[in-house]
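Visitor: Please model the entire structure based on the sequences and the hints provided.
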Amino acid sequence: MAAVWLITALVLAGLGCLLVLLASVGLLRMPDVYMRMQVASKASTLGAALVVGGAAVGLGDGPAVVRAAVAVLFLCVTMPVAAHLLGRAAARTGVPFSRETQPLELPEEARRDTPPTA
Amino acid sequence: MIVLALQDIPWALGVAHVLLGVLGLSMVCAALRLLRGPSLPDRVVALDLLVVAAVAMAALLAWVYRQPALIDLAVLLALTAFISTVALAWFMERSRP
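First to last, the protein sequences are chains A and B.
Taking the working numbering, I'd label the letters of the first sequence as residues 1 to 118.
Taking the working numbering, I'd label the letters of the second sequence as residues 119 to 215.
Please note that a few of the clues may not be correct.
Unchecked claim - Computed footprint of chain A on chain B; a stretch qualifies when at least three of its residues, placed anywhere within it, have a C-beta under 8 angstroms from a C-beta of chain A: (1) 133-143; (2) 147-157; (3) 171-177; (4) 186-198; (5) 201-213.
Unchecked claim - Sample of chain B residues facing chain A (criterion: CB under 7 angstroms; computed from the structure): (6) D160; (7) V162; (8) V163; (9) L167; (10) W181.
Derived by calculation from the structure, the hints in this document are not laboratory data.
Just so you know, even glycine gets a beta-carbon here, dropped at the ideal spot from N, CA and C.
Guide: What follows is the structure in structure tokens.
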């Protein structure tokens, strides 16, 4: 029975590490800031949450589990907010989009070459 | 709940060290994008991913070396990453040409 918990923790941590690795490979391979942001924020949030959860299951004592739960909750709340703020800042400062993007509902600043004065 | 100690089982310890190596590889990829990224948001995204990989690595080290205090380090790193990303986004919007 104790081995089941160990295997569970190892599987969780392995999946999480794989997701973080995929996020970093996507960060290297994607053509655009916005695509990189999308890859990095979502996959790495789930990956880090899985690794922290696996470590909590592996440690298995009460206070560590509570602190790991706090860490996971904090990551899941803050990472989308940070990615949204960063994407908005990139679009408003006129970072160019990839050629495959169809910028239909983006702010004017993102479509023009030179952003207007505020 | 009774959990087997990771240190008593050699193959499990080996698997955990391989996972630490995978996290290190992803940190190297993020650092490459941090050095190469053409614009400032690229570098900030790479820094964010670097810190998230460090959070995962701190939690894994807490497990491998049985030091539950390292989980506090993971919480603190997540907090610092959020504050620095928000501050850099604010700085970018403020200092646009």
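Visitor: All the hints need checking, so say for each whether the structure fits it.
Guide: Against the structure, the hints:
For the stretch 133-143 of chain B, the assignment as covered by chain A holds, since 6 residues bring a beta-carbon within under 8 angstroms of that chain's beta-carbons and 3 suffice. Coverage of the stretch 147-157 of chain B by chain A holds. Counting CB-CB distances below 8 angstroms, 5 residues qualify, and the rule asks for three or more. Judged by the Cβ-Cβ criterion of 8 angstroms, the stretch 171-177 of chain B is covered by chain A as claimed, because 4 of its residues qualify and three suffice. Check on the stretch 186-198 of chain B: 7 of its residues sit with their Cβ under 8 angstroms from a Cβ of chain A, so the three-residue criterion for coverage holds.
Counting residues of the stretch 201-213 of chain B whose beta-carbon sits less than 8 angstroms from any beta-carbon of chain A gives 7, enough to reach three: the coverage restraint holds. Taking 7 angstroms as the C-beta contact cut-off toward chain A, the hint placing B:D160 at the interface holds, the least distance being around 6 angstroms. A hinted interface residue such as B:V162 counts as satisfied when its beta carbon comes closer than 7 angstroms to some beta carbon of chain A; here the least separation is about 6 angstroms, so the hint holds. Interface restraint check for B:V163: the shortest CB-CB distance to chain A comes to about 5 angstroms, inside 7 angstroms, so the restraint holds.
At its closest, the beta carbon of B:L167 sits 5 angstroms from a beta carbon of chain A; the interface hint therefore holds under the 7 angstroms criterion. Here the hint on B:W181 is kept, as its CB sits about 4 angstroms from the closest CB of chain A, short of 7 angstroms.
Comparing the model with each earlier hint shows no violations; every hint is respected.
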